[in-house]
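> What follows is each chain in one-letter form.
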Amino acid sequence: MNVIEVQGVSKAFRIPSVHRSTVREHVLGILEPRQFERLQVLDDVSFEVKRGEALGIMGRNGCGKSTLLKIICGVYEPDGGRVIRRAAITPILELGVGWHPELDAIDNICLLGSVMGLSLPEIRERMDKILAFAELERFANLKLKHYSSGMAARLGYAVAFEAVREVLVLDEVFAVGDAGFTARCEERYRQLRTAGHTTIVVSHQPSIISAFCDRAVLLDAGKIVSADRANAVAQQYLSLVGPEAGVSA
Amino acid sequence: MPAEPAAAESAARAGWHGSRAGLIWTLVRTDFKVRYHGTVGGFVWALLKPLAMFVMLMGVFSFLFASEPNYKLNLIIGLFLWDFFASGTVAGMGSLQSRGFLLTKARCPAWILIVCSISNALITYALFSVIILVFLVLIGHTPSLAAALLFLVYGVAMTMVIAGFSLAASVLFLRYRDLNQIWDMALQAGFFVAPIIYPIGILPERYHVYLYLWAPTPLIQFTRSVLVDGRIPTLTAHLYLTVAVALCLIVGTVIYRRLGPRAAEYL
Chain A
1 MNVIEVQGVS KAFRIPSVHR STVREHVLGI LEPRQFERLQ VLDDVSFEVK RGEALGIMGR
61 NGCGKSTLLK IICGVYEPDG GRVIRRAAIT PILELGVGWH PELDAIDNIC LLGSVMGLSL
121 PEIRERMDKI LAFAELERFA NLKLKHYSSG MAARLGYAVA FEAVREVLVL DEVFAVGDAG
181 FTARCEERYR QLRTAGHTTI VVSHQPSIIS AFCDRAVLLD AGKIVSADRA NAVAQQYLSL
241 VGPEAGVSA
Chain B
1 MPAEPAAAES AARAGWHGSR AGLIWTLVRT DFKVRYHGTV GGFVWALLKP LAMFVMLMGV
61 FSFLFASEPN YKLNLIIGLF LWDFFASGTV AGMGSLQSRG FLLTKARCPA WILIVCSISN
121 ALITYALFSV IILVFLVLIG HTPSLAAALL FLVYGVAMTM VIAGFSLAAS VLFLRYRDLN
181 QIWDMALQAG FFVAPIIYPI GILPERYHVY LYLWAPTPLI QFTRSVLVDG RIPTLTAHLY
241 LTVAVALCLI VGTVIYRRLG PRAAEYL
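Taken in sequence, the protein lines are chains A and B. Everything in the first sequence is counted per the numbering used here, starting at 1 for the first residue and increasing by one. Everything in the second sequence is counted per the numbering used here, starting at 1 for the first residue and increasing by one.
Careful, some of the hints might be misleading.
[As the list claims (entries may be wrong)] Label pairs and their calculated CB-CB ranges:
id: 1; chain 1: B; residue 1: Leu-247; chain 2: A; residue 2: Ser-148; range: 42 to 52 Å
id: 2; chain 1: A; residue 1: Lys-223; chain 2: B; residue 2: Arg-177; range: 27 to 37 Å
id: 3; chain 1: A; residue 1: Leu-142; chain 2: B; residue 2: Arg-231; range: 50 to 60 Å
id: 4; chain 1: A; residue 1: Lys-143; chain 2: B; residue 2: Asp-178; range: 20 to 30 Å
[What the hints assert, rightly or not] Below, simulated DSBU-like cross-link-like pairs (lysine-lysine); rule was C-alpha separation at most 35 Å, straight line:
id: 5; chain 1: A; residue 1: Lys-50; chain 2: A; residue 2: Lys-129
id: 6; chain 1: B; residue 1: Lys-49; chain 2: A; residue 2: Lys-145
id: 7; chain 1: B; residue 1: Lys-49; chain 2: B; residue 2: Lys-72
id: 8; chain 1: B; residue 1: Lys-72; chain 2: B; residue 2: Lys-33
id: 9; chain 1: A; residue 1: Lys-129; chain 2: B; residue 2: Lys-33
id: 10; chain 1: B; residue 1: Lys-49; chain 2: A; residue 2: Lys-143
id: 11; chain 1: B; residue 1: Lys-49; chain 2: B; residue 2: Lys-33
id: 12; chain 1: A; residue 1: Lys-143; chain 2: B; residue 2: Lys-33
id: 13; chain 1: B; residue 1: Lys-33; chain 2: A; residue 2: Lys-145
id: 14; chain 1: A; residue 1: Lys-129; chain 2: A; residue 2: Lys-143
id: 15; chain 1: A; residue 1: Lys-50; chain 2: A; residue 2: Lys-223
In case anyone wonders, no lab produced these hints; they're calculated from the structure. Remember, it's a predicted structure, so these values are computed and weren't measured experimentally. We put the beta carbon where it would ideally sit given N, CA and C, even for glycine.
Please take these sequences and the hints and turn them into a complete structure.
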């Protein structure tokens, strides 16, 4: 059974020749009309994810991977097509940034955990586990503005890994933190897979896609150019990026 | 065709609905904590702002309007209603910008962040409402049940005006980042457009209609009318208020529904 169906999804951004973000700039520039360039980030993308499957998404920088993930998770609206979701999705997107700087780790965990679908009793019950996973027990009452970017990222991943309901969506998750934290993330990921969770993983690393995914799709210029077994797609990705990539399958 | 929640995904959303109450409570609690440093003292400190304003304005204008009966009572009611309107709209406008980081993390309806952002202004107003009612009883000016209920209705109406404004302003603010400065100027002018420090009667009656176009004016005047003068405004006046409040909510909702789905792209 498909838990996620991406059906003909398209997304474009209008890039203005001059960026105007204030009323003043708009008023003063009223006699200087702007040119807009249409950047087609995703073009008629379709695929599905089966229950319990691990799907990898690969592609070069700017090929639309992150936009696609945000559309799958419901953060962005597509211009065309649709996404059918038959399971609760827990995304791990941009978790290193955007915390409330004036709140401590505990309050930020409550905020992010509730947005990710946990109830307050569930959050309270898992609080120690989350802080332990992120190795931040000593800094639980420290405001996030005093955290390093690495600490903030670890906290985000720790919350998301505890909040997983059915589908886990990961954007370059294994590239964060030190070796110990990466190992814990990998271990947690394997536990979730063993428990039957569906996952979608975006990575530039063919070795990660090969090791953690059953199947993968390769995006290029907003289109799916290949959908196959993870190993095969990882090889195609290497062919696409060429020797300058410096990565191995 | 935009991606919309299909019937099939209702089960997927069930878990999220279960945590919605937790999210609302966490947003209100953390907003209180940030704004008032998590202490009752901080909250009381915030109440001092309109009180200090009241003392200062009363010191000056009670001499000017010495012949006006109940001037001081009208002044403090006007100031607290205005404070609710001003602080609610300012918080609502900045809600998505300050809490928008949550929108980029997971699927989260932006309206919850917007509506929760006005909770603290609402808490302050609710506390003031209790204080003013107790004060009126203590000075032997006990309002009738109908007046007290109408006072509650006007509070709800003001909340709806603030919510309508905030729905529109919060999504517009992400596109026009100086909107808060423009609104600050509008509030400064609006403070004098609304009859807060002066009795509306000092202006020629033909100008009253223009003052009533500014949303806080009818709410301040009607509140004073029921609490201080003991007069219930006419049915026509209430019809006007209903239309004005509905219009604020409808326009706010339309703008929010049009721009809100793309809010995350501007964060």
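> Each of the hints needs a verdict: does it hold here or not?
To see whether the hints hold, each was checked on the structure:
no., hint, in the structure
1, Leu-247/B - Ser-148/A: 42 to 52 Å, "holds (49 Å)"
2, Lys-223/A - Arg-177/B: 27 to 37 Å, "holds (35 Å)"
3, Leu-142/A - Arg-231/B: 50 to 60 Å, "holds (56 Å)"
4, Lys-143/A - Asp-178/B: 20 to 30 Å, "holds (29 Å)"
5, Lys-50/A - Lys-129/A, "holds (30 Å)"
6, Lys-49/B - Lys-145/A, "holds (28 Å)"
7, Lys-49/B - Lys-72/B, "holds (17 Å)"
8, Lys-72/B - Lys-33/B, "holds (33 Å)"
9, Lys-129/A - Lys-33/B, "holds (25 Å)"
10, Lys-49/B - Lys-143/A, "holds (27 Å)"
11, Lys-49/B - Lys-33/B, "holds (18 Å)"
12, Lys-143/A - Lys-33/B, "holds (12 Å)"
13, Lys-33/B - Lys-145/A, "holds (15 Å)"
14, Lys-129/A - Lys-143/A, "holds (19 Å)"
15, Lys-50/A - Lys-223/A, "holds (21 Å)"
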